[in-house]
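With chain A's structure known, arrange chain B on it following the hints.
So the protein lines, in turn, are chains A and B. This note's numbering applies: residue 90 is where the first sequence begins, and numbers increase by one. This note's numbering applies: residue 90 is where the second sequence begins, and numbers increase by one.
No wet-lab data here; the hints were simulated from the structure. Check the hints yourself; a few may be wrong.
One copy or two, either will do: identical chains are not told apart, so a pair holds if it fits within one copy or between any two.
Straight-line Cα separation of at most 20 Å, DMTMM-like style, residue types lysine to aspartate or glutamate; simulated pairs [said to hold, decoys possible]:
1) Lys-298 with Asp-165
2) Lys-239 with Asp-164
3) Lys-239 with Glu-178
4) Lys-111 with Asp-271
5) Lys-111 with Asp-308
6) Lys-239 with Asp-228
7) Lys-239 with Asp-213
8) Lys-92 with Glu-299
9) Lys-111 with Asp-203
10) Lys-239 with Asp-308
11) Lys-91 with Glu-245
12) Lys-111 with Asp-206
13) Lys-111 with Glu-140
14) Lys-91 with Glu-263
15) Lys-259 with Glu-245
16) Lys-239 with Glu-263
17) Lys-239 with Asp-123
18) Lys-259 with Asp-206
19) Lys-239 with Glu-140
Keep in mind that this is a model prediction, so the values were computed, not measured.
What follows is the residue order along each chain.
2 protein chains.
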Amino acid sequence: MKKAVILLSGGLDSATCLAIAKRDGFACYTMSFDYGQRNRAELNASRRLSEAAGAVRHIEFPLDLRMWGASALTDDAIAVPEECAHPGEVPVTYVPARNLVFLSLAAAFGEAMDCRDLFIGVNDVDFSNYPDCRAAFIDAFARAATLGTKAALNGETWTIHTPLQNLSKKEIIELGVSLGVDYSRTVSCYNADADGRACGVCASCRLRKEGFAAAAIPDPTRYR
Amino acid sequence: MKKAVILLSGGLDSATCLAIAKRDGFACYTMSFDYGQRNRAELNASRRLSEAAGAVRHIEFPLDLRMWGASALTDDAIAVPEECAHPGEVPVTYVPARNLVFLSLAAAFGEAMDCRDLFIGVNDVDFSNYPDCRAAFIDAFARAATLGTKAALNGETWTIHTPLQNLSKKEIIELGVSLGVDYSRTVSCYNADADGRACGVCASCRLRKEGFAAAAIPDPTRYR
Chain A
90 MKKAVILLSG GLDSATCLAI AKRDGFACYT MSFDYGQRNR AELNASRRLS EAAGAVRHIE
150 FPLDLRMWGA SALTDDAIAV PEECAHPGEV PVTYVPARNL VFLSLAAAFG EAMDCRDLFI
210 GVNDVDFSNY PDCRAAFIDA FARAATLGTK AALNGETWTI HTPLQNLSKK EIIELGVSLG
270 VDYSRTVSCY NADADGRACG VCASCRLRKE GFAAAAIPDP TRYR
Chain B
90 MKKAVILLSG GLDSATCLAI AKRDGFACYT MSFDYGQRNR AELNASRRLS EAAGAVRHIE
150 FPLDLRMWGA SALTDDAIAV PEECAHPGEV PVTYVPARNL VFLSLAAAFG EAMDCRDLFI
210 GVNDVDFSNY PDCRAAFIDA FARAATLGTK AALNGETWTI HTPLQNLSKK EIIELGVSLG
270 VDYSRTVSCY NADADGRACG VCASCRLRKE GFAAAAIPDP TRYR
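This is chain A alone, in the form it adopts within the complex (with noise of 0.2 Å):
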């Protein structure tokens, strides 16, 4: 059985990601960083969503990504703002890098389980201003990744699996309902209270709720 390392935010879309990866075959090893982001819930998220799929190892990696902030989410001198971004601004949510250090882990982790697959869940259709979210940084990171691991000398490669590259909020959604991703259990919101609980309002709670409604699913996101 293939192994893979999935990357799980504990959102939506990592959600989605987990379940394709089990569909697809993996031995599925996940992974979530506790970052400082503000949003504690999550990380619950992504434990219980990794049981769920009957993941061989959950980690969640404590990583000081406030040392240097410059991000809404790990700077408290930052907002969360209630609007998305402008198109061509990258947004304050924009954490510097995080994808590259991210996927840097995963294949860390994922060579030290002697694995050469990894799924994120980046999205080119709601956040396009996120640089490191794009087909291009991928693929660049997917040589880098080749290079830079045993893989390099072995005549292997590193596969970054991005099944959600192409779809829309609705169309990503419907995928995982057809999967069984209980959707219940995700975390959006940038500013979930300590159950996870959404608050309706900030530029993620509005992507999701516009995506189920596009869906015509039953949005079974807990707000508070």
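Leaving out everything else, chain B in the frame of chain A:
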């Protein structure tokens, strides 16, 4: 003044790298990783080297690579070898994807500090079996960092400086001495004691000793 992040392990190579970055006029931000390595003294050495060089800021970043181990440096079940690896063999001291992880975090720190230059003391000559020390990997990483940060949107690029890439240990030592590096402050030994004194017999000590001998420079290493 241009800014650069310099990866500092506390060893001979990275200390030389820092001196080169300083010579080249960069405002230096130094970064070390507390990744559960056996050799704790190297973290103290890094801090002292950074202070001595007048770095703007020094980060000692906690990174629990013992969570998955799989290297003699991060897993107590794997012994540190006294011999160098055979040609074509990856040493057991290889830490999965270490330079990929270190460079990614340096890029994150650097992006938050508004810099686009990194220095890393990788070297092809002495340790050619570490996949993550080779020029092809460094080039691939630079591209991934460029595409995975705001640089991509601003038409900027990341430069990864590897000034030691093609130097022998002898040449590195000669260059460092000409730049005033105090090598007695550096720790290369895999088995250094708490005070930073070297064992003199591990693979890293042997390479270092041979370097001073070849340069005909008295070895300032503190042996125990």
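>> Regarding Lys-239 and Asp-164, is the shortest C-alpha distance of 20 Å or less found within a copy, between copies, in both, or in neither?
In response: So Lys-239 and Asp-164 pass the 20 Å test across copies only (18 Å; inside, 36 Å).
> How would you label the pair Lys-259, Glu-245 (within, between, both, or neither) given a Cα cut-off of 20 Å?
Replying inline: Result: close neither inside a copy nor across copies, 36 Å intra and 34 Å inter.
> Under a CA distance limit of 20 Å, which applies to Lys-259 and Asp-206: within one copy, between copies, both, or neither?
Replying inline: For Lys-259 and Asp-206, the Cα distance exceeds 20 Å both inside one copy (26 Å) and across copies (40 Å).
> With identical chains treated as interchangeable, where does the CA-CA distance between Lys-111 and Asp-271 reach 20 Å or less: within a copy, between copies, both, or neither?
Replying inline: Intra 15 Å, inter 54 Å, cutoff 20 Å: intra-copy only.
> When no copy is specified for Lys-111 and Asp-206, does a C-alpha distance of 20 Å or less occur within a copy, between copies, both, or neither?
Replying inline: within (13 Å within a copy, 40 Å between copies)
>> Within a copy, between copies, both or neither: which one fits Lys-92 and Glu-299 at a CA-CA cutoff of 20 Å?
In response: Intra 34 Å, inter 43 Å, cutoff 20 Å: neither.
>> One pair to classify: Lys-239 and Asp-228, alpha carbons no more than 20 Å apart. Within, between, both, or neither?
In response: both (18 Å within a copy, 17 Å between copies)
> Is it within a copy, between copies, both, or neither that the alpha carbon of Lys-111 lies no farther than 20 Å from that of Asp-203?
Replying inline: within (18 Å within a copy, 40 Å between copies)
> Between copies, within a copy, both or neither: which fits Lys-111 and Glu-140 at Cα up to 20 Å?
Replying inline: Result: close within a single copy only, 13 Å intra versus 50 Å inter.
> Between Lys-239 and Asp-308, at a C-alpha cutoff of 20 Å, which is it: within one copy, between copies, both, or neither?
Replying inline: neither (45 Å within a copy, 34 Å between copies)
> Using 20 Å as the alpha-carbon threshold, which applies to Lys-239 and Glu-140: within, between, both, or neither?
Replying inline: Intra 30 Å, inter 35 Å, cutoff 20 Å: neither.
> Using 20 Å as the alpha-carbon threshold, which applies to Lys-111 and Asp-308: within, between, both, or neither?
Replying inline: neither (24 Å within a copy, 56 Å between copies)
Hints 1, 5, 8, 10, 14, 15, 16, 17, 18, 19, counting from the list given before, are not met by this structure.
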